[in-house]
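Undergrad: Given chain S's structure and the hints, the job is docking chain F onto it.
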Amino acid sequence: MTVLVLTAVPVGLRGHITRWLLEIAPGVFVGTVTARVRDLMWQRVNEHLGEGGRAVMVYPARNEQGLAFKVVGGTWEPVDFEGLTLIRKPSR
Amino acid sequence: MTEGRVPLSGERVGIGELQPVSRRSSFVYLEHCVVHRDANAVVSVTESGTTYLPAAAVGTLLLGPGTRITHQAMLLLGESGVVVCWVGEGDTRLYAWAPSLFQSTRFLEAQARLVSNRQDRLRVARQMYQMRFPGEDVSKATMQRLRGMEGARIRRTYRHLASAFGIDWHGRHYDPNNSSAGDDVNRALSIANSVLYGVVHTAIVALGCSPGLGFVHTGHSLSFVYDVADLYKVELAIPVAFEAAAQRTGSLSSQVRRTMRERIHEAHLLERAVDDIRLLLGTPDADLGGEPGLVLFDDRIGEVPAGTDYSSDV
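Residue numbers (my numbering), protein chains in the order written: chain S, 782 to 873; chain F, 24 to 337.
Isolated chain S (complex conformation) (with noise of 0.2 Å):
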């Protein structure tokens, strides 16, 4: 399953998720879809994220924690801890 989270992104960017993931909250979307159709979405929401705008995904993967997530836009950051991935709220 993935699951993606937009925050202030155009409304256009929005509906044309809803296409393959179904919108369960503002913003949030869920859905199964393909690791290929995934990246494709992954690389249409960087596009068209516009200024200030944030998204979070998370997917499954076959390591420990049995996630991976990308995040573009914001200030916290995902940190490798040699396999393991956590993040990371910068100091003010």
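Rather than coming from a laboratory, the hints here were simulated on the basis of the structure.
Honestly, I wouldn't trust all of these hints.
[To be verified] Where chain F lies over chain S, by a calculated footprint (3+ residues, C-beta under 8 Å):
id, stretch
1, 839 to 852
2, 859 to 868
[As the list claims (entries may be wrong)] Which chain S residues stay away from chain F? Per the calculated CB distances, all over 10 Å, these:
id, residue
3, R795
4, R800
5, R817
6, R819
7, D820
8, E828
9, L830
10, G833
Glycine is no exception: its CB is placed at the ideal position from the N, C-alpha and C atoms.
TA: Below, chain F without anything else, positioned relative to chain S:
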């Protein structure tokens, strides 16, 4: 949850809410940071920011050089059943562990019983060696012979991997007082072993077993950890160390831990260690989810319920 039930703060996590050890991520390694409690979370803070640690979803927390940890952080880690190991850059280790994730002493009692009886102990020790020589029948071999076979197996593994990875191998040498001494392979071996020990230790305490009551090893507070870790060393730690030393691209220790995580995950090590321990202790079918029952010992009928007034029996 009732409405208006505010204080999550100070609320203990029930044992049933904890992720079973076999489903946890094997370990997190931290260095040069402060680990403390922030808004009910275990966090690691560095100059660049704050990282939240999924305490109830990892087995072992390895604290490297330059880490500081607060009382409140240890409290949360303890509640979450995380084994905390302070590790040096090499193989120096100091352990602390949380109370078992499993409140029954079923496995601990089986372990103590088997260790205390000479014949049973010999049988378990032999079974541990048998697991390393799957094709051979070692049921008649003496302990002396088994030690010899094991020594030869380890040497063979070292030699084979050294030639496979094109490494100049002069034998296993390490100085516990100076972890940066020694060649890359020897350092990598120490680091890989320390990860393996931490992860195996986690499985042992998760079952409520004693890390000190070993069958093959004895006399050390981590004897059983060394016993169980030896079942997987040739398969996991040694190849990882040779591979990392041969194909080193950056920090050796980091590369060893990264590769160890991959192999531990692929080999389902936590699950296997739990299953193997249960098998060795003769309790493979024992239910892990059962409620702990506190009872009183009775020399004739075995046990009687606790929390009962027996004054009228006398």
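Undergrad: For every hint, state whether the structure bears it out.
TA: Do the hints match the structure? See the list:
1. Counting residues of the stretch 839 to 852 of chain S whose C-beta sits closer than 8 Å to any C-beta of chain F gives 3, which meets the bar of three, so the coverage hint holds.
2. Under a criterion of three residues with beta carbons nearer than 8 Å to beta carbons of chain F, the stated coverage of the stretch 859 to 868 of chain S is upheld, 7 such residues being counted.
3. The Cβ of S/R795 sits about 28 Å from the closest Cβ of chain F, beyond the 10 Å cut-off, so the non-interface label holds.
4. Distance check for S/R800 against chain F: the nearest CB is about 33 Å away, which clears 10 Å, and the non-interface claim stands.
5. Against chain F, the non-interface label of S/R817 holds: every CB pair exceeds 10 Å, the least being about 25 Å.
6. With a minimum CB-CB distance of about 22 Å to chain F, S/R819 clears the 10 Å threshold, and the non-interface call stands.
7. Distance check on S/D820: its Cβ is at least 23 Å (rounded) from any Cβ of chain F, clearing the 10 Å threshold; non-interface status holds.
8. Every beta carbon of chain F lies more than 10 Å from that of S/E828, the smallest distance being close to 28 Å; the non-interface claim holds.
9. Against the 10 Å criterion, S/L830 stays outside the reach of chain F, whose nearest CB is about 23 Å from its own CB.
10. With a least CB separation of 20 Å from chain F, S/G833 remains clear of the 10 Å interface cut-off, as annotated.
The structure fails none of the hints (numbered hints given earlier).
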